[in-house]
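Asks: Sequence:
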Amino acid sequence: MTRAPTLTLFVLSCTALLLVAHAADAFTGARNRTYSFQAQAADPEGNALYYTFNWGDTTQTRVPSSGTVASGTQVNSAHLWSAANVYSVYVVACDASLCSLQSDPAVADIQLPSKPGPITSDESSPSWSSDGTFILTWTASNPHSLSSVPVAISQYDVWRQFNGGPINNVGSPSAANYNENNIADGNYVYYVIARDDTTPANLSPQSDSFSLTVNRSGGGTPPTADFDFCTLAADTVQFEDLSDDDADGGTVTGWDWDFGDGSAASSLQHPLHNFTTQQTSAIEGATPLAAAGTASETLVKTAPRRMRARAGSALGSLWQSLRSLFSPPPAAQAQAGWWSGGASWGFRRQITFQNSGNGALANATVLVKLNSGRINYNQVQNQGQDLRFIDADGATALSYEIEQWNESGDSFVWVKVPQISNDNSDFIWMYYGNPSAPSGANPAGAWDSSYAMVLHFTADTQDSTSFNHDATDNGTSATTGVAGGARSCNGSSYLTVGDSSDLRPRTGPFTVEFWFRSTGADDLGSILAKGESAGNYESISFGQCRFNGCSSPGQEFQVYYRNDNDNNEYWRDGDYFDNAWHYVAMPIASSNATLYMDMATLSKDDDRGSPNVDITKNWMMCNDDFNERWPGSVDEVRISATNRPQGWLRASYNSMRDSFNAYGSEEARPPSNQSPSTPSSLSQTPGAEGATTVDNTPSMSFTISDPNAGDTVGYQMQIDDNSNFSSPTIDYTWPGAPTNPNTVTYDVSPALANGTYYWRVRARDGAGLTSSWATDSNGFQGTGADFTVNAVAANFSLNNNGPVTVTQGGAAQNVTLTVTASGGFTTNVDLSHTCASSNLSCSWPSGSSCNPGGSSCTRTLSIGPGTASTGAKTVTVTGTAPGYGNQTTDVGVTVNPPANQSPSTPSSLSQTPGAEGATTVDNTPSMSFTISDPNAGDTVGYQMQIDDNSNFSSPTIDYTWPGAPTNPNTVTYDVSPALANGTYYWRVRARDGAGLTSSWATDSNGFQGTGADFAVNITPGNYSVTLTATDNDGLPSTPRQYAVNLSAAPSCSSLFTLTNVTTTKCNEVGLTWTAARAATSYTIYRSSDGGGSWTPVQANVATLFTYDAVAQNSAYQYYIVAHLPSGTTLSTSTASPACTGTWSGAGPVARCTLPAATGSCAPPITPLPATSACGVITPTWSAQAGALNYRVWRAIGADNFAAAEAAGPLATVPSSQLAYEDRDIVPDVDYYYYVSDEKDPASPSSATHSKSSCFRGSRWQER
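Here the sequence shown stands for residues -23 to -1, 1 to 1240, where the numbers follow mature numbering (1 follows the signal peptide of the UniProt record, and there is no 0).
The reader is advised that the hints may include incorrect statements.
EDC-like mimics (lysine to aspartate or glutamate), calculated; alpha carbons at most 20 Å apart, straight line [to be verified]:
| hint | residue 1 | residue 2 |
| --- | --- | --- |
| 1 | K393 | D450 |
| 2 | K594 | D550 |
| 3 | K594 | E643 |
| 4 | K594 | D479 |
| 5 | K346 | D550 |
| 6 | K92 | D134 |
| 7 | K346 | D134 |
| 8 | K346 | D368 |
| 9 | K594 | D447 |
| 10 | K92 | D162 |
| 11 | K1228 | D1205 |
| 12 | K393 | D368 |
| 13 | K581 | D552 |
| 14 | K1228 | E1198 |
| 15 | K594 | D425 |
| 16 | K594 | E644 |
| 17 | K1228 | D1207 |
| 18 | K581 | D602 |
| 19 | K393 | E378 |
| 20 | K581 | E515 |
| 21 | K346 | E384 |
| 22 | K581 | E533 |
| 23 | K594 | D450 |
| 24 | K346 | E643 |
| 25 | K594 | D635 |
| 26 | K1228 | D1201 |
| 27 | K92 | D185 |
| 28 | K594 | E533 |
| 29 | K346 | E378 |
Here are the computed distance ranges between Cβ atoms for each label pair [what the hints assert, rightly or not]:
| hint | residue 1 | residue 2 | range |
| --- | --- | --- | --- |
| 30 | D108 | P932 | 25 to 31 Å |
| 31 | T974 | S151 | 47 to 53 Å |
| 32 | P21 | S151 | 33 to 39 Å |
| 33 | S931 | S151 | 45 to 51 Å |
| 34 | D425 | D174 | 34 to 40 Å |
| 35 | S151 | S885 | 37 to 43 Å |
| 36 | A714 | A374 | 40 to 46 Å |
| 37 | D174 | N146 | 41 to 47 Å |
| 38 | D86 | G422 | 37 to 43 Å |
| 39 | P875 | T907 | 21 to 27 Å |
| 40 | T853 | P705 | 56 to 62 Å |
Treat the hints as calculated values from the structure; they're not laboratory data. Predicted model only: the values in this text are computed from it and were never measured. Just so it is clear, CB atoms sit at the ideal spot from N, CA and C, and this is done for glycine as well.
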């Protein structure tokens, strides 16, 4: 019996093959570095093996690449991951017919260098320097190095920004520190990025930024800039400085305003700026004007003013590159490898499902119909016991039922598939070819739990589900069905299934499926029924129409689903009694059934009520409870306790018709590897076995081969001073080459000490399988020593007069090699070099060998740049003399880049104003173009000039960007400062890191023609206003920036906003507003003539004001002035506060018209005398025209409506009632009464009063 190999060891190692972790462990490594793994497996029968390493990134490596290695041989394989991610690595060992289970996974966590930081300085106050000389330090980045796969940080890129300008790379130290020396006063922002020494280099995430101020005038910390503002008309804004220097107790003494409109900067503390005239003045008092504007805050820290990092710009390209580096790669996809548990299965075939348009299916059971064209019956056990069905994941075994196995014809197998997608791509694998496998069938498990009954009718009438609803046969016979066997009824015979709760349709969910074929078209009867098919009885039945209402009695298909005459659904349709197989399915949900015939929907002939068929009768096939028997055949009768969707039923229909599956070709398990042959034809340079040599680096030659054609074959060489090789002096392994056979020579290294030695060799293939050691009959391993080393004192040394420097594209340089003899050395020395490994081009003009003749000799090595990259290189020159070993000397070579060339003229020029000559309302337009340099790796930037004159005699803007190493680079220049209205020309030229420039871009490739390139015609809109404050120490702040939108609806939301105007009484208005950050008090102004004149109505108020001297039905306008600590004021209103009246935002400030319905103060109601009696006082009043209802108020002991109002109304009476009896009184208390209209409750009548001197007994006693 063939058994699968057992994988006994899977260990992870580094490149030196040191074991660093077990298989279940994880290790952390670097991207673009190679990591080696070892695996070992033993085959129970000693068969040779091959291994497959799966790397977790959709790739795998076969070891050996062809052939096999001996069982138990340790094999090696290596892999490099080019993307940072976590990978699960495992290995599988296989012999010629079986594979092991996969090993436990090893987890390779491949990462970029870690984020450096945080940054700090060596100053006593880390964020301030008084002399511009300091050292920055940060936490070193972790390159994720293993002891035997070393990875180091090669450098840190230090980036610096000065006073909010461009961000530049200012240094590349190898250690985690950077020195600044005597830099200028100002504000600096730093961050660093680490690079490791891989090729290509891995970059870390950038560190957090670090800010530091240099100031030589006395120290301290910089101030904090801030300001507030409000728009005062469509183009005028007043600004309020709010900067402070509280951190060190200093004072803000200077202000630098940039209004973002191209105007001159202002040094005023509280400027008033007009964006149309671009004039700035100091604020003098407060004149209420219209407000219009919104603002949003932005703190400017690291973004340069001239070059924003937008897409296409140099800085944007940098960030895009970093983002792509740090983004995780897409998840690895599963391999379509051999089933992990299928090592003993020899064959497989893919089965793909044609499920497009049916919707995704879960736990669907599909038919696998097999014949000699779909399976090789000779490779399968006699009853299909070794069949296995495996899901697409290559690991999950699926439940299945073999309905019929017929090696001379068709076999039918039902397989439950966990998930089938809504397309034609999902698949499973069918494995076979294991003569010793037990049966894997699980009939009950092949059907999901919603199937209550599944009858196949092939060998018997048993139910395939676990519910055991078997059918009882009453004289039917076996016949051929749609899928395997079926049952044939002769008009007298039938089948029954006993009643069960899960077989009753009720109101659903429920589904019936079956196939039928008639043999007597005119015979009446039921094909499938539960209950009777005639009369008004509770039943569900499928059969032939048999009544006078039938179009063709006995030839129409009829279905009943009913529980009485008034609650039923039934169908009558065409002639399906044509001696052909037809599929019927009826899903039921909430008493609503749908009928499918061959998956065509049949229309209902009657639909009355909601049937609930809970009948306890038996299910019958070819009969019903009315004994209406039917001649024909039935197959695949299924009942489900769920409402199967149409897509499910269509898939089931197609599956049973054998049109759902596509069968792939047969695949055989790959063969196993074989061990290499024992080395032959062994020889040694010392000569015959036991010879003595003065050469302490002798050579051994032999032939290695492998029986696996194309396999890689190497060898392992051991040399020891003991014949048992217990502690070899040399143990060297050569991984090999695909040459097979291969005669190779091993040169001993390092040199041997004087003494006697034994050596042996064995072949080793790419998978790590080895041959036996070469014995004495075919080599040097006998009873005596193989050779003796007795090295003489004579020797030679080798030196050079380097180093040399070469230039890419330039001429070669010569270096002189000197061979010096010692001890009378007179042997010829052969010289060789390693130029090719560095891509240098080298030659020996005077030959490559010489004999020092006991003294010295020289040879010239000509070293050319070849295709080598720039930087330091090392060329090793080796001198070899037979019997004396090797001597080496290293020549240092520096490869310089070629002489610098000027950058190319910018190309692909475009501008945001559009075509040349276009007019724009944007006074900070953008220009895009491509810059490049013929020197690979050179930094390339640009110089931009914009002028209102085509000769550029005095450019309005002359900006230079120092550049970046991206080459070519498409960049965008954002104009700054903003341009005034006018016409403009622009031109650009490239500039490299050495200051060489291209020619200016001409009209043929950009915007520099005879006409203006664009015109600016500003409609006041968006402006970015920036304030930089300076303190008494001369330290500048970080710039503070706000966006001012003059084109927005009237508002001053950055300061304060009028939020509500309400009418609380007929002559009273209330105003509320949000607080301004800097305000100390407010003054309220009002206009009653549409803004023609304004009257202050209240000063020194907070954010709530009530004013009660307004006239009814009048339009008023209000504005609010905020008073600031500086003595200046800010005006505001809003476009849409809440207002109970009619709000108008059309005026320059807020305006509210009080409505007549609630704002009318009607003439006062006239009170009439109040009368009193024992225990009752009755106030009266005159009628008020238009009154809604009257409210009666009461105060005790005095005329005090406020007290009455606080207590609430005593009563509300209809307008037809002009008196009210107050019985809730105390004797001898004087009561005051007021009456008001419910429309205007706050304007009552004057008081009338009275009192009662007695009470009514019963009423009083109740109190």
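Asks: Hint by hint, which ones does this structure get wrong, listed from lowest number up?
Replies: 1, 2, 3, 5, 7, 10, 15, 16, 18, 25, 28, 30, 31, 32, 34, 37 and 40
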